[in-house]
Amino acid sequence: MQMIVIFIAGIVLMYLDMSFTGFSPVMMFGVEVYFVPKLLFMYILLLTIYAGPRISMFFAVLFGIMLDVYIGSLYGIHIFGFIAFVIFMQTAFRVFYRDFVAMAFVVLLNTFLFDLYQYAVYSVLDLISMPIFDYVALRAVPSVMINALFFVVLYVLAVQTAKVRKEFRRTN
Amino acid sequence: MRVTKFFNRNRMLIVLFGIVVLIALIGFSLTDRDSTTKAEQFTGDSVAVTQKAVNAPFGFIGNIFSDIIGSFSALEENEKLKEQLDMLPQLQADNERLAEENESLRESLDVSSNMDYETINASVISRSPDQWLDSFTIDKGEKDGIEEGMAVSTSEGLIGIVTRVNGNSSFIEMISTNASQNNMSVEVRHDGEAVYGNIRNFDTENNALVVENIKSQVKLETGDEVYTSGLTGAFPEGIVIGTVVEVENDEYGLSQNAHVQMNSDLNDVDTVFVLKRDPESLED
Numbered sequence: 025m026q027m028i029v030i031f032i033a034g035i036v037l038m039y040l041d042m043s044f045t046g047f048s049p050v051m052m053f054g055v056e057v058y059f060v061p062k063l064l065f066m067y068i069l070l071l072t073i074y075a076g077p078r079i080s081m082f083f084a085v086l087f088g089i090m091l092d093v094y095i096g097s098l099y100g101i102h103i104f105g106f107i108a109f110v111i112f113m114q115t116a117f118r119v120f121y122r123d124f125v126a127m128a129f130v131v132l133l134n135t136f137l138f139d140l141y142q143y144a145v146y147s148v149l150d151l152i153s154m155p156i157f158d159y160v161a162l163r164a165v166p167s168v169m170i171n172a173l174f175f176v177v178l179y180v181l182a183v184q185t186a187k188v189r190k191e192f193r194r195t196n
Numbered sequence: 496m497r498v499t500k501f502f503n504r505n506r507m508l509i510v511l512f513g514i515v516v517l518i519a520l521i522g523f524s525l526t527d528r529d530s531t532t533k534a535e536q537f538t539g540d541s542v543a544v545t546q547k548a549v550n551a552p553f554g555f556i557g558n559i560f561s562d563i564i565g566s567f568s569a570l571e572e573n574e575k576l577k578e579q580l581d582m583l584p585q586l587q588a589d590n591e592r593l594a595e596e597n598e599s600l601r602e603s604l605d606v607s608s609n610m611d612y613e614t615i616n617a618s619v620i621s622r623s624p625d626q627w628l629d630s631f632t633i634d635k636g637e638k639d640g641i642e643e644g645m646a647v648s649t650s651e652g653l654i655g656i657v658t659r660v661n662g663n664s665s666f667i668e669m670i671s672t673n674a675s676q677n678n679m680s681v682e683v684r685h686d687g688e689a690v691y692g693n694i695r696n697f698d699t700e701n702n703a704l705v706v707e708n709i710k711s712q713v714k715l716e717t718g719d720e721v722y723t724s725g726l727t728g729a730f731p732e733g734i735v736i737g738t739v740v741e742v743e744n745d746e747y748g749l750s751q752n753a754h755v756q757m758n759s760d761l762n763d764v765d766t767v768f769v770l771k772r773d774p775e776s777l778e779d
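Top line first, the protein sequences correspond to chains A and B. Take 25 as the starting number for the first sequence in my numbering and just add one per residue. Take 496 as the starting number for the second sequence in my numbering and just add one per residue.
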């Protein structure tokens with residue numbers, strides 16, 4: 025039951041991520057500003073804490089493969105990133121205290137690092153040419169801001185979907 | 496708990512192994528392949544189906560809103576279109592006459608034109624969410640006759656190349672992605688004279704394609720039109736790409752480089768045409 029709910033939530037979030045490309049990049053004062061939401065990624069990270077690493081790892085692999093084959097020019101970049109950051113998230117929460125602020129900080133830091141990792145891989149392969157300063161000012165900072173906005177909604181969603189199993193068990 | 500312990504002990508090993516697999520996969524995806532494997536097709540298609548299912552309610556609501564907004568300006572637009580329509584019969588007649596004349600002339604020469612192509616209309620179902628490499632997925636695939644390497648254009652001009660074909664969907668890379676061009680050959684027309692060059696890369700700062708290796712004999716000017724040359728893969732000839740906005744000599748002064756502004760809007764792609772070149776012209 026929980027798996028199905030999480031799967032549907034994941035698909036919808038993936039769709040929202042994709043439909044966001046309709047608005048972004050936004051032209052502001054003659055420069056293109058990129059807002060890159062990473063709803064699915066943040067959701068999987070939050071599941072690590074609230075639904076357990078096993079479930080979150082399963083969805084990291086599933087959505088990683090889906091994204092790679094569906095929209096990826098380079099295979100492996102999503103699946104590897106998802107799995108690596110789920111492991112990272114687990115490690116991070118041995119250090120941090122589990123409250124809302126710490127959670128928000130770590131998840132947003134992870135979205136930033138995930139984008140940085142993609143930027144690094146694509147630049148090394150010479151697929152994109154964006155100077156590092158432009159990247160930080162026009163892409164990284166606005167993206168973190170937009171992700172911070174969506175984080176609150178996702179936090180509620182992750183907590184709710186993680187509860188599904190418990191309620192289901194209680195009824196049995 | 497067993498899972499967490501497992502990660503603890505072997506985390507380093509897993510990450511290292513993962514990096515090796517990642518590099519192998521990157522190598523695999525950068526090689527030039529001319530067919531899509533069944534596993535890729537299956538995954539791609541099943542995601543496309545779920546995507547379409549999620550898309551349906553959103554699209555429905557979106558349509559209602561755009562219908563309401565559209566109805567306000569409909570009257571004015573109708574008027575304008577009617578004016579344009581008046582000219583249409585004459586243009587159509589001219590077009591038919593010229594096509595016939597062209598056909599008969601070609602028959603007497605016994606050549607097949609690589610300008611002939613059929614179009615397959617398709618609509619974009621999703622864009623790449625990470626917004627790094629401009630790529631998108633369309634709702635037509637193998638069953639509609641799409642093959643790898645075909646040109647994709649909007650009504651304004653060339654936009655991309657089909658890189659993977661699934662049963663009912665295909666994956667398109669835009670020509671603004673540095674991975675997709677592979678030194679694509681283009682033709683620049685200046686005062687009725689055609690010179691050839693190839694696309695080097697896409698300059699993200701100026702939003703222009705850089706075309707290099709253009710002969711210096713013909714001095715290009717800004718405003719010259721750029722077309723596909725029909726020398727690359729399954730691309731038909733004469734598909735408009737854009738206009739020259741800047742010309743410079745290359746570092747040795749032997750040839751010219753041109754910066755080309757693309758006609759089609761890269762950020763707003765909705766419906767596209769896949770261009771299927773006349774197979775007769777591909778045989779030689």
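No lab work stands behind these hints: they were computed from the structure. Careful, some of the hints might be misleading.
Quick partial rundown of chain B residues pointing at chain A, CB under 8 Å, derived from the structure [as the list claims (entries may be wrong)]:
1) M507
2) S566
3) I615
4) N616
5) P624
6) W627
7) Y691
8) T699
9) N701
All residues carry an ideal CB built from backbone N, CA and C; glycine is no exception.
Item to complete: Taking the numbered hints from earlier one at a time, note which ones the structure violates and give those numbers from smallest to largest.
Response: 1, 2, 3, 4, 7 and 9
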